[in-house]
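Asker: Build out the structure end to end from the sequences listed, making use of the hints.
Here is what each chain is made of, one letter per residue.
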Amino acid sequence: MTQFFQQLINGLSIGSVYALMAVGYSLVYSIMNFSNFAHGGVIMFGAYFGYFFLKLLKFPFPLAFITSAVCTAILALIIERAAYKPLRERKAPFLYFIISAMGTSIFLENLIIAIPAIGPTFRTYPEVFSKHPFKIGELAIGRLDIMMFIVSAICLVLLIYIIDYTKIGKAIQATSYNIKASALMGVNTDFIIVAIFLMGGFLAGIAGVLFGMKYTVYPQIGGITIKSFIAAVFGGLGSLPGAVVGSILLGIIETFTSGYISSQYRDLIAFVLLIAVLVFRPMGLMGKVTEDKA
Amino acid sequence: MKRKVIVLSLVCLFVLSLVLTGCASKPQQSASNEPEVIKVGWMGSLTGDQAVWGQCEFNTVKMLFEEINAKGGVLGKNLEAIGYDTKGDPQEAVNVAKRLATQDKVVAILGPNASGNAIPIAPVLEQAKVPDIATVATNPKVTVLDGKVKPYNFRVCFIDPYQGAVAAGYAADVLKAKKAAVLYDVGDDYSQGLKEFFEEFFIKKGGEIVAREGFKTGDVDFRPQLSKIKAANPEVIFMPYFFKEVALSANQARELGIDAVLMGGDGWPSEQLISMAKEAVEGSYFVNHLDYEDPEVQDFKARYKAKYGKDVELNGYLVHDAVLMLEDGLKRAGEANSEKLAQALETTDIKGITGKIKIGKDTHNPEGKDAAILKIIDGNYVFQQKFAAE
Numbered sequence: 001m002t003q004f005f006q007q008l009i010n011g012l013s014i015g016s017v018y019a020l021m022a023v024g025y026s027l028v029y030s031i032m033n034f035s036n037f038a039h040g041g042v043i044m045f046g047a048y049f050g051y052f053f054l055k056l057l058k059f060p061f062p063l064a065f066i067t068s069a070v071c072t073a074i075l076a077l078i079i080e081r082a083a084y085k086p087l088r089e090r091k092a093p094f095l096y097f098i099i100s101a102m103g104t105s106i107f108l109e110n111l112i113i114a115i116p117a118i119g120p121t122f123r124t125y126p127e128v129f130s131k132h133p134f135k136i137g138e139l140a141i142g143r144l145d146i147m148m149f150i151v152s153a154i155c156l157v158l159l160i161y162i163i164d165y166t167k168i169g170k171a172i173q174a175t176s177y178n179i180k181a182s183a184l185m186g187v188n189t190d191f192i193i194v195a196i197f198l199m200g201g202f203l204a205g206i207a208g209v210l211f212g213m214k215y216t217v218y219p220q221i222g223g224i225t226i227k228s229f230i231a232a233v234f235g236g237l238g239s240l241p242g243a244v245v246g247s248i249l250l251g252i253i254e255t256f257t258s259g260y261i262s263s264q265y266r267d268l269i270a271f272v273l274l275i276a277v278l279v280f281r282p283m284g285l286m287g288k289v290t291e292d293k294a
Numbered sequence: 001m002k003r004k005v006i007v008l009s010l011v012c013l014f015v016l017s018l019v020l021t022g023c024a025s026k027p028q029q030s031a032s033n034e035p036e037v038i039k040v041g042w043m044g045s046l047t048g049d050q051a052v053w054g055q056c057e058f059n060t061v062k063m064l065f066e067e068i069n070a071k072g073g074v075l076g077k078n079l080e081a082i083g084y085d086t087k088g089d090p091q092e093a094v095n096v097a098k099r100l101a102t103q104d105k106v107v108a109i110l111g112p113n114a115s116g117n118a119i120p121i122a123p124v125l126e127q128a129k130v131p132d133i134a135t136v137a138t139n140p141k142v143t144v145l146d147g148k149v150k151p152y153n154f155r156v157c158f159i160d161p162y163q164g165a166v167a168a169g170y171a172a173d174v175l176k177a178k179k180a181a182v183l184y185d186v187g188d189d190y191s192q193g194l195k196e197f198f199e200e201f202f203i204k205k206g207g208e209i210v211a212r213e214g215f216k217t218g219d220v221d222f223r224p225q226l227s228k229i230k231a232a233n234p235e236v237i238f239m240p241y242f243f244k245e246v247a248l249s250a251n252q253a254r255e256l257g258i259d260a261v262l263m264g265g266d267g268w269p270s271e272q273l274i275s276m277a278k279e280a281v282e283g284s285y286f287v288n289h290l291d292y293e294d295p296e297v298q299d300f301k302a303r304y305k306a307k308y309g310k311d312v313e314l315n316g317y318l319v320h321d322a323v324l325m326l327e328d329g330l331k332r333a334g335e336a337n338s339e340k341l342a343q344a345l346e347t348t349d350i351k352g353i354t355g356k357i358k359i360g361k362d363t364h365n366p367e368g369k370d371a372a373i374l375k376i377i378d379g380n381y382v383f384q385q386k387f388a389a390e
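Chains as they are written, first to last, in our numbering: chain A, 1 to 294; chain B, 1 to 390.
I should point out that these hints are in silico values taken from the structure, not numbers from a laboratory. Just so you know, nobody snuck in bad clues.
Covered stretches of chain B, as calculated for chain A (at least 3 residues, CB under 8 angstroms):
#, region
1, 212-218
2, 274-282
Some but not every residue of chain A turned toward chain B, in silico, with C-beta under 10 angstroms:
#, residue
3, 3
4, 17
5, 263
Even glycine gets a Cβ: it sits at the ideal position worked out from N, Cα and C.
Answerer: Written out as structure tokens, the structure reads:
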């Protein structure tokens, strides 16, 4: 039984990291209908920003957290302006957006490697939270995991609040239903796109810092986001609650597969699940019906 | 509009081709200007997970070649190092080996450090008849396949069976452990090899393997596997993989409240292991190629530090001996001919800084090299004893 709850905690903790990353994919997808693969690169930069502010500039932790998120928000916006806006203006097919996003992702990873002061080596965050876990009987819960879970929850609730209850949120919803009609109705869709990239980038920064604190920083961090992308598709691309539910479920499925069947089947089962979802419910668990999901 | 794009892309293509051909012709130019050089290839990770080691290796090679050249070179010629990045990727390793052997026409290749990269390059070497001296590639298959020795693959390190056996022997005989668990990388030859031989020898010594869990290269979370290992309650957990995963899994093991002794192989020692997981690996043991405080290595350690301002990583010591082996082989071959060099390497019998290197003709491994057991105390690698598995 202890084993069961310990694995459940492990799964929740892994799932909450996926969730923070997955909503970034969903946000962009809901408006622009393509998967922003550059998101992984932005998360990686978030982890490096956090390292830079904490370790080298010795910012207090909350300040480092916020400044990293602001920096990645700006980075996400720069990417939008440089890599997507020109395509948008030319009304390029969505495939081109995806290619551009993949290119940006590879570019970001290699940019970090090419900067001599950063390079390909690992960086370790200074210890902000003690490594000694809370203990409930035999159960061990890491302090950082609790923090990650709380921060993820706050961010996601805040995000869902913004989308559902504010004016800009309404505008985002309208744009996600029909970008042309919203523009005709007087919504400044260009501003909405700026807003979602800023929000997605901000969350990427937070995810990056949390990830860096837990697993150290290195240029290939972005690779982990493939899992959160799966989670986003699983939950329903374009649906924020779907992304969260999909991520938590994926985290739990992964840990239970590793814990009770075999760790070698983990990815096998995760990917079979993705294909199964796409075959039987192409819109994902909570997604709206759309035609293409690339 | 469309025409503009076409013209633009043509211009891009033109510029790109200029840049590319410019790059490729560089080594050839320097060769024609100075005919009196022996070109030696080096391959390894300059980027990616194991970049720290690769960079140290290549730095060492360059430093030693400079020193050798300052003393008049080998056979009256200067040594020139041509190094390429494998990114730790087997496919890339094959490409690099092809490029070194066929385009750069090197006399021999040093590296790569990883077994997973050293194994697939054998056919390339055989075709080009260029010998390779691997540094820390400890998998048996690097030099011997199906009982037959590969004619152009050599190495300066001991092999996995030996390392796994040493770790198992030490755990059973010295630490008196009866129950061991193994966590290993299912996608890596090195890790698989160590795991197999650890299990075999530990069981032979009367111990029991209570849990064996795998993960995949690139994973960062090991808690599901570790939770399972914790439930099996082992005295020793064998972790035969590289320092990044070691640091992460050791931290996570301690977080889960596992207090078993951790053990590993030569994938452990690195400055970064300590900076990432000082507390978690405290009191752990690992098998290594040498004792860092051994008087034999101090001179090299100091020279490297003086030149690069950094400490030598494990790979530096091994590639140092690979260079010694190459120098000795070239001298005995009498000319810079890769086939003659390969023959000469077969009868190598030199004293390196990591120990005696007497190459076995049927294995191309250094025979009877001692392993060192190191313990991590206060973030330092403290030599325990030399240990040979029987």
